[in-house]
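Novice: Sequence order for the protein chains is S and B.
Sequential numbering from 1004 applies to the first sequence in the working numbering.
Sequential numbering from 1004 applies to the second sequence in the working numbering.
Just to be clear, a hint being listed does not mean it is correct.
Which copy is meant is left open, so a pair is good if it fits within one copy or across any two.
Unchecked claim - With a straight-line cut-off of 25 Å between C-alpha atoms, the simulated DMTMM-like cross-links for lysine to aspartate or glutamate are: (1) Lys1150 x Glu1200; (2) Lys1169 x Asp1076; (3) Lys1150 x Asp1246; (4) Lys1024 x Asp1261; (5) Lys1158 x Asp1230; (6) Lys1024 x Asp1057; (7) Lys1158 x Asp1144; (8) Lys1158 x Glu1194.
Note that these hints are calculated values from the structure, not bench results.
Protein chains: 2
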Amino acid sequence: MTPNSKIVIIGAGRVAGHLGKRLTAKGLNVVQVLNRSAGPAQMLGGALQVPWSDQWSELRRDADWLLLAVRDDAIGETAAALAPYCPNALVTHTSGATPSTVLSPYFRRFGVFYPLQSFSVERTPVWSGLPVCVEAALPADLVFLQKMARQLGGKAWVVNDEQRAKLHVAAVFANNFTNHCLTIAEALLQEQGLPFEMLHPLLTETVAKALAFSPAQVQTGPAQRGDQATLHQHLALLAAHPDWQALYAALSRSIQNDPHS
Amino acid sequence: MTPNSKIVIIGAGRVAGHLGKRLTAKGLNVVQVLNRSAGPAQMLGGALQVPWSDQWSELRRDADWLLLAVRDDAIGETAAALAPYCPNALVTHTSGATPSTVLSPYFRRFGVFYPLQSFSVERTPVWSGLPVCVEAALPADLVFLQKMARQLGGKAWVVNDEQRAKLHVAAVFANNFTNHCLTIAEALLQEQGLPFEMLHPLLTETVAKALAFSPAQVQTGPAQRGDQATLHQHLALLAAHPDWQALYAALSRSIQNDPHS
Chain S
1004 MTPNSKIVII GAGRVAGHLG KRLTAKGLNV VQVLNRSAGP AQMLGGALQV PWSDQWSELR
1064 RDADWLLLAV RDDAIGETAA ALAPYCPNAL VTHTSGATPS TVLSPYFRRF GVFYPLQSFS
1124 VERTPVWSGL PVCVEAALPA DLVFLQKMAR QLGGKAWVVN DEQRAKLHVA AVFANNFTNH
1184 CLTIAEALLQ EQGLPFEMLH PLLTETVAKA LAFSPAQVQT GPAQRGDQAT LHQHLALLAA
1244 HPDWQALYAA LSRSIQNDPH S
Chain B
1004 MTPNSKIVII GAGRVAGHLG KRLTAKGLNV VQVLNRSAGP AQMLGGALQV PWSDQWSELR
1064 RDADWLLLAV RDDAIGETAA ALAPYCPNAL VTHTSGATPS TVLSPYFRRF GVFYPLQSFS
1124 VERTPVWSGL PVCVEAALPA DLVFLQKMAR QLGGKAWVVN DEQRAKLHVA AVFANNFTNH
1184 CLTIAEALLQ EQGLPFEMLH PLLTETVAKA LAFSPAQVQT GPAQRGDQAT LHQHLALLAA
1244 HPDWQALYAA LSRSIQNDPH S
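Work out the full structure: start from the sequences and follow the hints.
Specialist: Below you can see the structure in the form of structure tokens.
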């Protein structure tokens, strides 16, 4: 495997798109886009200026690295469908929640190339320092994947299946659940005719502090200081939203039980 | 009330300290620091280069604005103790959770000056754009408090007691609860020997997106897309932490029920 290895992007969604564009921009050798449906394949092939196809059988036989960026539940079947055409290529998926071993029945050289970021259609990710979790069955492939991560500007982390599974749960807390807390905050303000913008400085500071220190060290608030009067007042104010009231109680309890903070 | 009105800071904690320093830095007329215990009063008085005292009775009789930055549960008693010496001053507290009316038995001119930020000992807050929620019994005092908020570089928001109470709940979700989610994420990584640093880019992007759009619009993750396989896998991975498992379930349920996202 060399910097000139022929890369085929499998999939044409957000992760495939951002990875394909970055690989191409960094001069790496993306040679083809394959995707089950033609529309997105054509679009991404066009963006990368490489041939595309919606037929697995058109996979280039000389491909070196198959970068599977497909839905978690399609990884196994896609690998099975591609294996006959390129049995000796390195194949990796990009999933946090899926073990590398779902690929092992089909490919000898399998692994994972999981960029730990939330990719959006409309935003170009900051690749500099972006953690890419890599894993491979063969040591030489692991070295190659680490190099590729660094070529993208990212930081390579060797992370095994068990670690990656937990990392993915952690990412749900750090991304999805924090965002849901913000959604509730926004809704509560809206009910009072106040804009979410009012919370921007607080939120910016919250994250700056968590990054500068450690979230466990900077926990504050009524639950942390055992301020029962405020806790009761807040629960009463959430009476119209039983879901959020239950969340408030559960989160406060967890803060109070937390041996880490 | 004028920009030269004589300001007395009551309290010597984090909020008192940051407000006192900023008022002084902006050339406003802080004339005294009063605090129930002498040590912190002396420290803040020294920092501001103004007289200090631990005796309420030493309150300057010509004070125009008493800025009460004391614990929520001490606001009423402190106002009661100060009222005899300066019954005609404007008195405001800095609390999100406390109605302005706790001051009304003691002062005719009462109000709130609540800076919506999480103040730390070791960090200087960004005052530019910082939301300051103001409220006052008398219209002229409200105008004065709005001016003071702007003098500090902040943005004045006229917010009544009911709005401020809900805003405070929202701030708990946006600050304390997001931080707790990050604490759990950090702990999960630590168990796998991985550093929290790995989540920094994801977290930065999460917040950037929530600020650029609206958190309700950018919710992602297994709960949002109804990915039952991943939800079950994640719950199983949290078996060793019943508290976090329960939180994961409750947050996922709330995301799925949320009519806002």
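Novice: Now look at each hint and say whether the structure bears it out.
Specialist: Hints versus structure:
1. In this assembly of identical chains, Lys1150 and Glu1200 lie within 25 Å of each other by CA distance solely across copies; the values are 20 Å between and 41 Å within a copy.
2. Proximity of Lys1169 and Asp1076 under a CA criterion of 25 Å is satisfied intra-copy only: 19 Å inside one chain copy versus 42 Å between copies.
3. In this assembly of identical chains, Lys1150 and Asp1246 lie within 25 Å of each other by CA distance neither inside one copy nor across copies; the values are 46 Å within and 40 Å between.
4. For the identical chains of this complex, Lys1024 and Asp1261 are neighbours neither inside a copy (43 Å) nor across copies (34 Å), given an alpha-carbon limit of 25 Å.
5. In this homomeric assembly, Lys1158 and Asp1230 never come within 25 Å of each other (Cα to Cα): the closest approach is 42 Å inside a single copy and 29 Å across copies.
6. Proximity of Lys1024 and Asp1057 under a CA criterion of 25 Å is satisfied intra-copy only: 19 Å inside one chain copy versus 65 Å between copies.
7. Proximity of Lys1158 to Asp1144 under the C-alpha cut-off of 25 Å is restricted to the intra-copy arrangement: shortest distance 17 Å within a copy versus 55 Å between copies.
8. With identical chains, the CA atoms of Lys1158 and Glu1194 are at most 25 Å apart between copies only, with a shortest distance of 21 Å across copies and 43 Å within one.
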